[in-house]
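Undergrad: Here are the chains, one letter per residue:
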Amino acid sequence: MLSQYAFIGVFAIVAFALPIIGLLMAWLLRPKKPNPAKNSTYECGVETIGDTWVQFKAQYYLYALIFVVFDVEAAFVFPWAVAYNKLGVYALVEMVLFVAILLGGLLYAWRKQALDWH
Amino acid sequence: MDYIRDFFINFAHSWTTWISGGLPGWAVTVVNFLLGGLILVMMPVIATLALTWMERKVIGRIQNRLGPNRVGPWGIFQAIADAVKMLIKEDIIPDRADRPVFNLAPILIFVGAAMLWAVIPFGRRMIGQDLNIGALYVVAIGSITTVAVLMAGWASNNKFALIGAFRVVAQLLSYEIPMVLSIGVVVLVVGSMRMGTIVESQWVPFCLVLPVAFITYVLAAIAETGRAPFDLLEADSEIVAGYFVEYSGLKFGWFYIAEYGNLMAVSAITTTLFLGGWRGPFAGAAPVLGPLYFIIKTVLVIFVLMWIRGTLPRFRIDQMLAFAWKVLVPAALVNLLWVAAALKLPVPQAVQYAVMLVGNLAILGVTLTLLGQSAKQHAKRHGLAGA
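Same order as they appear, the protein sequences are chains A and B.
If you read the first sequence in my numbering, its first letter stands for residue 61, the second for the next number, and so on.
If you read the second sequence in my numbering, its first letter stands for residue 89, the second for the next number, and so on.
Check before you lean on any hint, since a few could be wrong.
[As the list claims (entries may be wrong)] Calculated cross-link-like contacts (lysine-lysine; reagent style PhoX-like; alpha-carbon spacing at most 20 Å):
(1) K177/B <-> K93/A
(2) K247/B <-> K117/A
(3) K92/A <-> K173/B
(4) K177/B <-> K98/A
(5) K98/A <-> K432/B
(6) K432/B <-> K146/A
(7) K414/B <-> K172/A
(8) K93/A <-> K173/B
(9) K414/B <-> K464/B
(10) K93/A <-> K172/A
(11) K92/A <-> K432/B
[Stated by the list, open to error] Here are the computed distance ranges between Cβ atoms for each label pair:
(12) V392/B <-> A77/A: 28 to 36 Å
(13) E178/B <-> G110/A: 26 to 34 Å
(14) E178/B <-> T108/A: 19 to 27 Å
(15) V392/B <-> D176/A: 41 to 49 Å
(16) Q437/B <-> V128/A: 35 to 43 Å
(17) Q173/A <-> L458/B: 15 to 23 Å
(18) Y121/A <-> I164/B: 46 to 54 Å
[Claimed, not checked] Reference listing, derived: stretches of chain A covered by chain B, where coverage requires no fewer than 3 residues with Cβ under 8 Å from a Cβ of chain B:
(19) 123-133
(20) 160-167
Treat the hints as calculated values from the structure; they're not laboratory data.
Predicted model only: the values in this text are computed from it and were never measured.
In this text, a Cβ means the ideal position worked out from N, Cα and C, and glycines have one as well.
If we strip away everything but chain A, and leave its shape as in the complex, we get (with noise of 0.2 Å):
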């Protein structure tokens, strides 16, 4: 079990290496001629207005409200399905009143159009 996981580990370490090998191999190999002009932003040749880190539409944060919701019933979902076999009946009375709950607050959020593109 734990075994398992310390491959987990040394895979992660060698899945950071490989990238990094790469980048500091293109270092060594490639021309190395920075100028202004190549170094300012790249707009399609207009220069930029502005700074570009201001304020963002709010219908992505929308999204991602509805989202940290349903994510965290997905987690519930995986241990509830493991289990499920070893559960009586109850378990599936359980899951229906969960999902009809978040169905309806996924109906509430329709009906409050945050799902239309504003």
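We have chain A already, so just place chain B on it with the hints.
TA: For chain B alone, coordinates are given in the frame of chain A:
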């Protein structure tokens, strides 16, 4: 003959026996882990070398072109020529970029694409590690991509890149839910999250038992890998290239490799969850055939995804997100409840599967009817002909 029949496993045993002659026990484990990690970490790179060529050929043929045909016979060395070009290209970092985050993003996106391969079963007992939370691990690692993309888009300090990154995050978050729910349905039927067990228990491929989960997963997987028709995160005609517009050289290369690594990984996961993985004729008697079947099925799934890319036009972001939340999520939730109810029926497993199939087909029919009606209403309201 017996050695050949389960060649890969026997070869691994011989290798372990051979190196334990000269090394202590813990060193053998470390060497084997490092070797396994190295083989698996090369999968996205191999996938890129093979799939870029395949994709350009397939799309070329769909568009009535020849595709690459200059570098080597049938252009098969095109991908290698591209790789060399990326390696020796100048790396441009914009002056206004946030340098540490800008440099970390391509590394992180590759890690996300590579780590998925740790739990993909190529054959019986041929798997990096058969974690008891395999299916959940796939979902968890899959979300590293989202973070890396947002880092790239934000650190570039470029408006195209930022818009691209926002679109990606909205899209990946929205399509994550139907994807997770359809994986959850498979876990529910099998009763285990181990990828090995999921393959072993598919005496009939789950795409024939759970078509709704299968279609939902494939659609969500196309969106998660950001391919056409869901490629508006890098829509070239609107926002140039999206979140990686400021990257060049090998840093761009890692994004490219991660994209194809993810494409191959989701196809491999589709094969594992819904198409029976390495199972096939005589795979029980000769496990050496397992990886062959696995690769054939995976390449078939990839071909279908390329075909979809070559056929359909791009969606708008509002249409895409509405499709995820108003169609896929309700269908996946209803499917989950139906399958759970079918599993509680006191009948043999085959009958349960038949009940699941009937329910799935009903959900599919109702969804398609509602979609058709809504499309007709939309067309009438906006005075469009046809529909």
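Undergrad: Tell me, in ascending order, the numbers of any earlier hints that this structure violates.
TA: 5, 10, 11 and 15
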